[in-house]
Structure formats: C-alpha cells, structure tokens
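Chains as they are written, first to last, in this note's numbering: chain A, 1 to 94; chain B, 1 to 222.
Don't read these hints as lab results, they were simulated from the structure.
Hints are supplied without guarantee of correctness; some may be wrong.
[Stated by the list, open to error] Pairs of lysine-lysine residues, derived as DSS-like cross-links and limited to a Cα-Cα distance of at most 25 Å, are as follows:
| no. | chain 1 | residue 1 | chain 2 | residue 2 |
| --- | --- | --- | --- | --- |
| 1 | B | 72 | A | 6 |
| 2 | B | 72 | B | 86 |
| 3 | B | 168 | A | 66 |
| 4 | A | 31 | A | 10 |
Keep in mind it's a predicted model, so treat the numbers as computed, not measured.
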Amino acid sequence: MESRYKPGDKVRILQRNQPGHVRTPIYVRGKTGVIERIVGSFPNPETLAYGHSGLPYKMLYRVNFKQGELWPDYEGAPEDTLEIEIYEHWMAPA
Amino acid sequence: MSEHHHDHEHGHDHGHDHDGKPIQEDALPSLEAQILETSVRELLIEKGIVSAEDIRRAIEAMDSRGESLGAKIVVRAWTDPAFKEKLLTSSDDALREFGINMSPMELCVVENSDDVHNMVVCTLCSCYPRPILGIPPAWYKRRDYRARAVREPRAVLQEFGTVLPDNKQVRVHDSNADLRYLVLPQRPAGTEDWTTSQLEKLVTRDSMIGVSDVRRLDELVG
C-alpha cells in the first residue's frame, strides 16, 4: 500500500464532524502538524468497530504537533509536542 | 477480538467510581455488551468449543501480567545496546525474545534523555500496553487524566511529583489508534556496577507510562 505522505511533510487534520467510532480526537481537527513516521496500513476502525472487515485498509501515520498549535494559551515550553496516530483519510497537505 | 474492544470505556460512565472501594456494587442494569458477552460465552461452552476452565485460565494469565515484564525489557535495553536499537526500531523482533506478541497492535518505544521526557495517555479510551504492563492503573482511565495530560502535561506531571526544568522538552503521546507505547526511562547515574535484578527493582510502572522517573537509588537501600 502506497503512502501519500512521508516523514517531515506538513499536514492539516481535517475539520470534519463524523459520528461513529472515529479515532481522530476533536482537539487535533483543523490543526497543522508534521508527519513523524509512517506506521503502516491498518483496518479502518470506522467500519471495523461495527463488525465489518475494515477493508480497504487505511494508511496510518504519527503526526507531531507543537503544543502551542493545539492550545494557543499553552503554558509549557515552546518545544513541547504532542504526537498522535492519524489515518491518511483524515489529513490534507498543509 | 482485538484489545481495542475491551480497552474501551464506552457506557461505563455511570456516575460513580468503583475503584478503591472495598466492595464493588454490580452495575445495574447490565450493559448490552455484557449481556452479549454472557450469551456468546455460554453458547461457546454449551457447544464444547471452549470450556469454562479455558476461559478462567486465559483471564488469569492476562491478569497475571504486570510491570515486572516491562522492567525486564527496560533493563535489557539499558544493558544491551543492540537490543535497545532493535526495541526502538523494530519492536516486534525485540519483544519476540521475551515471548511477547502485541498483534494486532504494535509497540512504539519512546526514549527519555537529558533533553526529552515522554508521557503516554489515551485520550479516547484507555489503550495501554497490556501484554507488557498488565492492567492499567485506575487513574490512567480517568477522564481528568485523559483530558489534562494533553492539555497541561507539566501540571499533571507536577501532581505526580515529577517537576521538569523548562529546558527539558515534554513529548506527550496520545495512544489513540493501533500503536501501544512504552517509555524507556533513563538509567540513573551510579548504577554502572548494578546487577540486572537490582536494576529491575528501579523500574516502576509509572516510569514506563512516563508520569515519573524511575525509583531513586536511596529508595532501594535497606
């Protein structure tokens, strides 16, 4: 399975209201981060959770965000980061 | 069934906390999933596919896993650079040496250093590296830890007694999907001559979740 993004690419997480078993928390939606690594392809949890096969598989990445991007009033150090797993269909180039 | 499903906390938010009580009340009424589980289990036993003893033994084996396995892995990484490299880059191969299979999940090991402190949370539920650390602590599943660890990690760390200098980067890992996380804490200075079993006593559950460092050396004296 091909990955659309590579480590170092800037991506924006989609701002989408989607009900169901979604693994993209609201606090990262609409935020911009950097691909940290390609994790690999996994069954799509959005269908897997309801007894389906999870096919087609979705490419999964770890995305690195500066905490200041997520929380404008973040009180820690500017270098502090949050890293999270995001599926390819939840991101766009930034 | 993947670890995902029984890790989730859906529907458990019924206004009181069982943890820490001497006697736990039964949740009433039963959740739909509990009724389903009982029905499937009874059918499997009735049809002779598994026995009640098989199920009991599997639960006992799962419950017996604990942080000592994680401590062995950490100490091996401290004392064997080739193993550490493998653990950080290809954890499946490294874990196989300990007879651990994380499938269908993968383990992501994140290393603390003089400049970086790692901390793990699952904001969506309570995903946890159960094959290595066993059952997660009650606080790991609590809503306040899950919400605050990503929002104000340094304040949360401070409440755990872990005060970090401003020039040390805090990296929070939200374990929200298919990876599980293990923090590789720093080996304390002054332990160069320690034996493996002495070193293992330093490595705590909380240090592998990343809410603290390993035990202080003076905690082990006497």
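Here is what the structure says about each hint:
For a cut-off of 25 Å, the pair hint linking residue 72 of chain B to residue 6 of chain A is broken: about 34 Å separates their Cα positions. Between the alpha carbons of residue 72 of chain B and residue 86 of chain B the distance comes to roughly 15 Å, so the proposed pair stays at or under 25 Å and holds. For the hint pairing residue 168 of chain B with residue 66 of chain A, the CA-to-CA distance comes to about 14 Å; that is within 25 Å, so the pair holds. The suggested pairing of residue 31 of chain A with residue 10 of chain A holds, with an alpha-carbon distance near 11 Å, which does not exceed 25 Å.
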